[in-house]
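J.: Sequence:
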Amino acid sequence: MTASIPNGFSSEELQKLLDNASTEKCTSDEPDTDIAKLVLELGDNIEDYMDNLSTEQGVPPQLLGKVVMLLTCNRMIDWHSHISKKHAERGELDQAVGWARDAGKFQALANILSTIIVDENDEFTPGLSD
1 MTASIPNGFS SEELQKLLDN ASTEKCTSDE PDTDIAKLVL ELGDNIEDYM DNLSTEQGVP
61 PQLLGKVVML LTCNRMIDWH SHISKKHAER GELDQAVGWA RDAGKFQALA NILSTIIVDE
121 NDEFTPGLSD
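Quick note: the sequence shown, position 101, residue 101 per our numbering, numbers continuous.
Derived by calculation from the structure, the hints in this document are not laboratory data. Remember, it's a predicted structure, so these values are computed and weren't measured experimentally. Among the hints, erroneous ones may be present.
Distance condition first, Cα-Cα at most 30 Å in a straight line; then the derived DSSO-like pairs of lysine-lysine [claimed, not checked]:
id: 1; residue 1: K105; residue 2: K37
id: 2; residue 1: K66; residue 2: K85
id: 3; residue 1: K105; residue 2: K85
Here are the in silico distance ranges between beta carbons for each label pair [claimed, not checked]:
id: 4; residue 1: N111; residue 2: L53; range: 38 to 46 Å
id: 5; residue 1: D44; residue 2: E12; range: 50 to 58 Å
id: 6; residue 1: T115; residue 2: L42; range: 25 to 33 Å
id: 7; residue 1: Q62; residue 2: K86; range: 31 to 39 Å
id: 8; residue 1: V59; residue 2: L93; range: 39 to 47 Å
id: 9; residue 1: N52; residue 2: D78; range: 27 to 35 Å
id: 10; residue 1: N52; residue 2: E123; range: 42 to 50 Å
id: 11; residue 1: K37; residue 2: W79; range: 17 to 25 Å
id: 12; residue 1: E47; residue 2: S114; range: 18 to 26 Å
Even for Gly, the Cβ is constructed at its ideal location relative to N, Cα and C.
Construct the complete structure from the given sequences, taking the supplied hints into account.
T.: Structure representation (structure tokens):
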């Protein structure tokens with residue numbers, strides 16, 4: 001059986017293996033700059049849209065911004081909680097704990113936002129807007 005295992009490779013054989021080897025996509029911790037640029041552009045467009053919409057509807061832009069942040073926090077809490085549960089169901093407890101902690105961070109953000117009054121008509125700050 002061991003007769004089929006070569007004792008070594010010649011440099012030509014190694015070069016041929018290198019030439020025919022598939023290349024793996026390089027992974028990086030750096031964000032994809034094209035995606036990052038697109039996301040920032042979309043964020044600017046959303047911000048402009050919110051300003052125009054709040055002006056058209058006679059709603060203070062800072063109040064609309066606060067509500068959008070609260071809704072976004074709640075969406076992220078739900079998403080992170082869902083992913084945490086999926087990891088826990090698969091027995092991936094370290095992953096589950098990490099996602100659950102991040103859900104808690106978004107909960108903390110939402111709690112802090114709900115204590116900040118941004119307008120005299122801010123009804124989204126329970127107990128503080130009276």
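J.: Against each hint, give a clear statement of whether it holds in the structure.
T.: Here's how the hints hold up against the structure:
1. K105 / K37: OK: K105 and K37 at ~26 Å, within 30 Å.
2. K66 / K85: 28 Å, holds
3. K105 / K85: The hint holds at about 16 Å.
4. N111 / L53: 38 to 46 Å: 27 Å, violated
5. D44 / E12: 50 to 58 Å: Hint holds: Cβ distance 56 Å, inside 50 to 58 Å.
6. T115 / L42: 25 to 33 Å: 29 Å, holds
7. Q62 / K86: 31 to 39 Å: Hint holds: Cβ distance 36 Å, inside 31 to 39 Å.
8. V59 / L93: 39 to 47 Å: 44 Å, holds
9. N52 / D78: 27 to 35 Å: 28 Å, holds
10. N52 / E123: 42 to 50 Å: Violated - the Cβ-Cβ distance for N52 and E123, about 23 Å, lies outside 42 to 50 Å.
11. K37 / W79: 17 to 25 Å: 24 Å, holds
12. E47 / S114: 18 to 26 Å: 22 Å, holds
The structure shown violates the earlier hints numbered 4 and 10.
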